[in-house]
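Enquirer: Sequence:
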Amino acid sequence: MPDHGNEVERQVVLRLAEGGTMKVKIPKREQPELTAPTFRVALYTRQSVERSDTELTSCEAQRQAVEAYVRAQRGEGWIALPDRYDDVGFSGKDIERPAFQRLMREVEEGRVDVIAVYRFDRLSRSLLDFAALLQRFDRHGVRFISTTQSFDTSTSSGRLMVNLLATFAEFERAQIAERIRDKQEATRRSGHWGAGGSPPGYRAVKGKLLVDEAQAAIVRELFARYLELESLSEVAILLNRRGHRLRSGREWEKRDVARVLRCIAVTGRVTHGKEIFSGQHQAIVDQECFERAQQLLDSNRNRRGAEQRNKWGRLLRGLLHCALR
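Each residue of the sequence shown is one higher than the one before, starting from 21 at the first, in this note's numbering.
Mixed in with the good hints, there may be bad ones.
[As the list claims (entries may be wrong)] Straight-line alpha carbon distances no greater than 25 angstroms define the calculated DSS-like cross-link-like pairs of lysine-lysine that follow:
| hint | residue 1 | residue 2 |
| --- | --- | --- |
| 1 | Lys228 | Lys203 |
| 2 | Lys274 | Lys203 |
| 3 | Lys226 | Lys203 |
| 4 | Lys294 | Lys228 |
| 5 | Lys113 | Lys228 |
[What the hints assert, rightly or not] Computed Cβ-Cβ distance ranges for the label pairs, DEER-style:
| hint | residue 1 | residue 2 | range |
| --- | --- | --- | --- |
| 6 | Arg122 | Ala152 | 14 to 24 angstroms |
| 7 | Gln84 | Ile196 | 36 to 46 angstroms |
| 8 | Asn183 | Ile99 | 42 to 52 angstroms |
| 9 | Arg131 | Lys226 | 41 to 51 angstroms |
| 10 | Thr168 | Ala224 | 29 to 39 angstroms |
| 11 | Lys203 | Leu230 | 46 to 56 angstroms |
| 12 | Phe191 | Gly161 | 21 to 31 angstroms |
| 13 | Ala224 | Leu180 | 45 to 55 angstroms |
| 14 | Gly269 | Arg122 | 31 to 41 angstroms |
| 15 | Thr168 | Gly97 | 20 to 30 angstroms |
| 16 | Lys226 | Glu311 | 50 to 60 angstroms |
By construction, these hints were calculated from the structure, which means they are not laboratory data. No experiment lies behind these values; they were computed from the predicted model shown. By construction, the Cβ of each residue, glycine as well, lies at the ideal position given by its N, Cα and C atoms.
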């Protein structure tokens with residue numbers, strides 16, 4: 021019999037073994053309504069400098085173009101979020117833009133499914149930052165689309181582009197690291213300090229080391245007392261007893277004494293890797309004193325190692341016997 025879509029039940033005629041028939045009602049299984057998934061789309065715009073709203077690069081013009089693209093995808097369940105993410109007057113190299121940071125918080129809280137931009141350089145002009153952002157979107161399951169460049173991370177070509185960008189970003193990172201190493205080496209070879217901090221007894225001023233007379237006096241005393249006492253711990257106790265403190269304000273420990281004794285910069289030299297160069301700064305400890313301290317440090321270290329081995333060896337004395345005796 022006909023099946024009416026609005027009926028909850030339908031009748032079925034059953035033939036009985038005795039030859040008769042019986043009508044029974046069988047509940048009709050309701051079919052769930054199929055609804056298209058909804059994608060929450062965040063529209064991000066950026067304008068490098070403040071310009072007239074009539075410019076094609078203005079945030080409003082970008083937004084109108086992206087909104088039109090999103091409306092065309094309405095059949096796929098796309099819905100533009102009402103919040104505006106517009107950064108006006110910010111460089112593409114600066115990812116600390118207020119609207120962009122607000123958008124990233126929404127991404128991390130799971131409130132965005134798609135990020136749509138007019139051009140992908142609206143997101144970032146730095147290849148390193150752009151590749152890192154795409155990986156961040158991927159971790160949160162967020163799709164990224166450039167409406168004018170056919171860039172969509174949900175497609176195979178888009179994923180290929182992401183991988184290529186990540187590869188180039190890694191190459192750029194390696195080049196940057198190489199340039200930094202080359203610059204540091206050139207700086208040290210020329211005898212300049214160039215590092216961020218300053219060694220004990222000095223203060224760094226625009227990449228140059230100037231002697232800090234008060235700290236330099238402590239360094240000289242430290243070397244002299246170590247050559248006299250031959251003990252890192254005793255030197256630390258002596259410095260603390262005389263009221264000397266580290267730059268951080270805490271008391272001296274034996275490791276701090278050893279660090280100063282090993283610092284070659286106090287002799288007016290600088291290092292790069294294993295190479296040593298004459299520095300452009302004044303020495304506060306003479307070469308002979310420094311070398312004597314190094315020999316004593318090495319000698320004490322070797323002696324402590326031998327004593328440690330002998331201590332454990334004595335624990336087994338008398339317990340093991342040679343079978344040939």
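Enquirer: Each hint: holds or not?
Expert: Consistency of the hints with the structure:
Restraint check for lysine 228 and lysine 203: satisfied, since their Cα atoms lie roughly 15 angstroms apart, inside the 25 angstroms limit. At roughly 34 angstroms between alpha-carbon atoms, lysine 274 and lysine 203 are farther apart than 25 angstroms, so this suggested pair is violated. In summary, the hint linking lysine 226 to lysine 203 is supported, as the alpha carbons are separated by about 16 angstroms, within the 25 angstroms threshold. Distance check on the hinted pair: lysine 294 and lysine 228 sit about 21 angstroms apart at the alpha-carbon level, within 25 angstroms; holds.
For the hint linking lysine 113 to lysine 228, the alpha-carbon distance of about 31 angstroms lies beyond 25 angstroms, and the restraint is violated. Our hint of 14 to 24 angstroms for arginine 122 and alanine 152 holds, since their Cβ atoms are close to 18 angstroms apart. Evaluation of the 36 to 46 angstroms hint for glutamine 84 and isoleucine 196 yields a pass: the beta carbon distance comes to about 38 angstroms. Checked against the hint of 42 to 52 angstroms, the C-beta distance between asparagine 183 and isoleucine 99 comes to roughly 30 angstroms, which is inconsistent with it.
Range check, arginine 131 to lysine 226: about 47 angstroms between beta-carbon atoms, so the 41 to 51 angstroms window is met. In this structure, threonine 168 and alanine 224 break the distance hint of 29 to 39 angstroms, their C-beta atoms being roughly 49 angstroms apart. Between lysine 203 and leucine 230, the C-beta spacing of about 22 angstroms breaks the proposed range 46 to 56 angstroms. At roughly 28 angstroms, the beta-carbon separation of phenylalanine 191 and glycine 161 lies within the given 21 to 31 angstroms, and the hint holds.
About 47 angstroms separates the C-beta atoms of alanine 224 and leucine 180, a value consistent with the hinted range of 45 to 55 angstroms. Between glycine 269 and arginine 122 the C-beta distance comes to about 40 angstroms, which sits within the given range of 31 to 41 angstroms. Distance hint check for threonine 168 and glycine 97: the Cβ-Cβ separation is about 22 angstroms, which falls inside the suggested range of 20 to 30 angstroms. In this structure the supplied range 50 to 60 angstroms is violated for lysine 226 paired with glutamate 311, their Cβ-Cβ distance being about 31 angstroms.
The structure is inconsistent with the numbered hints 2, 5, 8, 10, 11 and 16, although it conforms to all the rest.
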